[in-house]
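Could you slot chain B with the ligands onto chain A? The hints should help.
Each protein sequence line maps, in turn, to chains A and B.
The first sequence begins at 482 in the numbering used here and counts up one residue at a time.
The second sequence begins at -4 in the numbering used here and counts up one residue at a time.
Careful, some of the hints might be misleading.
[Unchecked claim] Restraint-style ranges between C-beta atoms, simulated for each label pair:
{"no.": "1", "chain 1": "A", "residue 1": "530", "chain 2": "B", "residue 2": "485", "range": "55 to 63 Å"}
{"no.": "2", "chain 1": "B", "residue 1": "481", "chain 2": "A", "residue 2": "602", "range": "50 to 58 Å"}
{"no.": "3", "chain 1": "B", "residue 1": "319", "chain 2": "A", "residue 2": "530", "range": "35 to 43 Å"}
{"no.": "4", "chain 1": "B", "residue 1": "122", "chain 2": "A", "residue 2": "679", "range": "25 to 33 Å"}
[Claimed, not checked] One side only, chain A facing chain B, incomplete, derived with CB under 7 Å:
{"no.": "5", "residue": "500"}
{"no.": "6", "residue": "512"}
{"no.": "7", "residue": "519"}
{"no.": "8", "residue": "523"}
{"no.": "9", "residue": "531"}
{"no.": "10", "residue": "533"}
{"no.": "11", "residue": "644"}
{"no.": "12", "residue": "676"}
[What the hints assert, rightly or not] Coverage of chain B stretches by chain A, computed from C-beta distances (three or more under 8 Å per stretch; other residues unrestricted):
{"no.": "13", "region": "203 to 214"}
{"no.": "14", "region": "231 to 245"}
{"no.": "15", "region": "335 to 343"}
By construction, these hints were calculated from the structure, which means they are not laboratory data.
Computed from a predicted structure; not experimentally measured.
Glycine residues also receive a C-beta, built at the ideal position from the N, C-alpha and C atoms.
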Amino acid sequence: MHRTGALYGQFKTLEQQKDTATLGMWIFLVTEVMFFGGIMLAYTINRHTYFHAFAMGSNTLSLGLGGFNTVVLLASSFTMAMAVWSAQTSKKGLITLFLSLTIFLGFVFFGVKYVEYAQKFHHHLVPGKTFDIFYCVRNPAKCSDIDAADMAKEKEEIEAAVQADPDLNAHAQLYYSAYFGMTGLHALHMVIGAGLLFWLLKESVAGRFNAEWNNPVDIVGLYWHFVDIVWIYLFPLLYLIDRHK
Amino acid sequence: MRTEATGPAPEMPEKHYLNATYGIRSWLLTTDHKRIALLYLASVTFFFFIGGFFAMMIRLHLLTPNGYLLTPDLYNRMFTMHGVTMVFFFLIPSIPAILGNFLIPLMVGAKDLAFPKINLLSWYIYVVGGLFTLWSMVNGGLDTGWTFYTPFSTLYSNSAVAPAVVGVFITGFSSILTGLNFLVTVHTMRAPGMTWFRLPLFVWAHYATSIVMILGTPVIAITLGLAAMERVFGLGFFNPAMGGDPILFQHLFWFYSHPAVYIMILPAMGVISELIPTFARKRLFGYHFVAAASLAIAVIGFVVWTHHMFLTGQSTYAAVAFSFLTFIVAIPSAIKTFNWTATLFGGSISFDTPMLYAFGFLGLFMIGGLTGLFLGALGVDINIHDTYFVVAHFHYIMVGGAVMGYLGGLHFWWPKITGRMYPEWLARIAAFILFIGFNFTFFPQFILGIMGMPRRYHTYPPEFQIYNVMSTAGASILAIGYLLPMVYLTWAAFYGKVAGDNPWPATGLEWKTQSPPLTENFEVTPVVTWEAYDFHNRPDLGLDVPAGKGSPGVVAPAHGDD
Ligand code: HEM
Ligand SMILES: [Cu+2]
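For reference, chain A alone in the conformation it holds in the complex:
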């Protein structure tokens, strides 16, 4: 189809084109809800069945890092919203600025996630043959990044958990399956989002967006907010529920 300016050939008006793209993105987000729904169902059933193992799993996550990342993502949603606003009001310099900030915050998130994942590998908390929920409490020297007070607390909690669920090690792996499955998929979505943001950045530097034509910013914004919302669910599900009772 031929393209006349911003208008693609299959459409009659820019308005029709905008409505179409927006509807398309909303429907896509519905498919995303169903996609994450499947793994959240698996999480919910197992959280219910293996209550203690899951609470213990939450205890081994760092609230500080998770909380920090939550703030980072919320901030990135704000900058994204500002980018959309700048586009709608034709403030070309600001679009570029806010898009860059959003990308920057996205990368901060990746950085923190990398630190968290690295810790889990280090602590033998990745599902598979080497998985060992007791690794750190039994080898405190190997987990020197956990300070003594936390370690003592973890030891206490893990002993109580084993009392309640003798097969703790197996069931904690389910928690970590959920953890890596859900945060991994979320991170994958962020990577795709970052790619889209780079494309927007390129277009905005070329001065493509203005009050007349800003639909790409708008719908990538929708996507980015959706990915943030997923995290808003993941954070309490993984980090907060029944932590340190």
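Below, chain B with the ligands without anything else, positioned relative to chain A:
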């Protein structure tokens, strides 16, 4: 033979989408929905014949009780790869991605789908998924059954499960994007005057199908994703050793895969809703009910999935509820069947090939649907679950219903797609061969199932042999029936008689443009002022309408002579 025959012979239009540009790049990079439909036609046909090859291996092996052709391991691979190919790479994309792709923009009066590039992308995704799966087939094969049940698929199978699962996972996204494209197109791309209730029922059926695609397919994607990660990285949701639950996989699998049977049958129902009014020369009886029935099937289809799991030890109360819901979901299908039949009453029926397929569909779908009710009845299902009765049931619907609809549609719109007619008599003969071959193949399987022959076994007691021989003989006839259209349709695309814009004539917008259409579909955006399937107020069709405008009288049949 057709009414047009009295006028001057039609000529091929000078410019159309097929000769607009040339070269391999103009095809592989096209964003024209009609060319993408043809790309799908080629690749889906390719997979159909691969799946057909596996089917022949199964049937030849089962010719004798102890089977001389395949080892048990190979036999497992054959029925698995047959099912995977046919379900995910043939039947699910067949009508939507080929006929739907080609026709929906034409039917709603648009220049293209809402997102032409995404449309091309979905074809590439389909191809990549297909390559993964083919790779698995030639590198160890696949022996899990098309259902990929855990923990066998995740822990024990020695076949190439991971690439196959990844392939099906990837292909799912092509289905999601196609559904998304259709939904948005129907919402925002309709021509002036094309109100919701003037849409052809083919479009309604695809609208309902698209809802199932976008709600269901992501669930199978995540499910297969988890299974793949379980096999490769040791995640544990379906692994009993970690406290995971293999039955959870079945729930998630059928949550998609029951609705997916409606992804396969709804588009075929859409085709039938076009064929019957055209060849009965009558407005479809109960248009609104048929449209609503499509939506009802899409919705209710999501709440019947555990009828595939009655024997997994689920709670009796759940089983009763799902059995009841399974009966409910049959109602909209029955409504459609009655309405199609009622349309025939008092119509001027002609027996062109597409109509033969429509009749075939009616009878076979009815048998398939009714036997579905047998299976949905708890007490009966305990006895015939996982027997050949189930195999016969779903083949009556998937092959007798969906594939008949697909072939009927392909014949009906072939003049639109290629601008040329297929050879009518040869096509009628092929339709008969298919019908006979089909029943020979699958009817004996009902009997085998009742007698207790389990599915997916590579041997059977000698007393079952007679029915297995019949079935294999039927399959050979069926194979000829499928080869014939493939040959003569290809021939007709190049050498068939030039068809003209509207050879039948039929009422849809797609027939108001030239055949084959221009790349932009219509020279000027059409304005719709008539209701769907209204033969009486359409002087442009050149039909002999007896008593003037709005007459309830009978329109002359398609052939003057019968
Ligand atoms: C409309 C198109 C339909 C298709 C394509 C279809 C397809 C299938 C397939 C593939 C299976 C076998 C699954 C397996 O065990 O591997 C199946 C089983 C079943 N179908 Fe259908 N079906 C359709 C309609 C219906 C209808 C209308 C009903 C009931 C009203 C129904 C009821 C059942 C039941 C209860 C089973 C489970 C049988 C068992 O495994 O014991 N189906 N169907
Ligand atoms: Cu079902």
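Verification of the supplied hints:
1. Between residue 530(A) and residue 485(B) the C-beta distance comes to about 57 Å, which sits within the given range of 55 to 63 Å.
2. Remark: the range hint 50 to 58 Å for residue 481(B) to residue 602(A) is upheld by a beta-carbon distance near 54 Å.
3. Between residue 319(B) and residue 530(A) the beta carbons are some 28 Å apart, a value that contradicts the proposed interval 35 to 43 Å.
4. The supplied range of 25 to 33 Å is met by residue 122(B) and residue 679(A), whose beta-carbon atoms lie about 27 Å from each other.
5. A distance limit of 7 Å between C-beta atoms decides the matter here; for residue 500(A) the minimum to chain B is near 6 Å, and the interface restraint holds.
6. A least Cβ separation of about 5 Å between residue 512(A) and chain B falls short of the 7 Å threshold, and the interface hint therefore holds.
7. With 7 Å as the threshold, the beta carbon of residue 519(A) comes within range of chain B, its nearest partner Cβ sitting at about 4 Å, so the hint holds.
8. Interface restraint check for residue 523(A): the shortest CB-CB distance to chain B comes to about 5 Å, inside 7 Å, so the restraint holds.
9. Interface restraint check for residue 531(A): the shortest CB-CB distance to chain B comes to about 6 Å, inside 7 Å, so the restraint holds.
10. With its C-beta approaching chain B no nearer than about 12 Å, residue 533(A) sits outside the 7 Å limit, and its interface hint is violated.
11. The beta carbon of residue 644(A) is not positioned within 7 Å of any beta carbon in chain B (closest approach about 17 Å), and the interface hint is therefore violated.
12. The restraint placing residue 676(A) at the interface with chain B is violated, with a minimum CB-CB distance near 15 Å, outside the 7 Å limit.
13. Check on the region 203 to 214 of chain B: 6 of its residues sit with their Cβ under 8 Å from a Cβ of chain A, so the three-residue criterion for coverage holds.
14. Counting residues of the region 231 to 245 of chain B whose C-beta lies closer than 8 Å to any C-beta of chain A gives 8; at least three are required, and the coverage claim holds.
15. For the region 335 to 343 of chain B, the assignment as covered by chain A is violated, since 0 residues bring a beta-carbon within under 8 Å of that chain's beta-carbons and 3 are needed.
Hints 3, 10, 11, 12, 15 from the earlier list are contradicted by this structure; the remaining hints agree with it.
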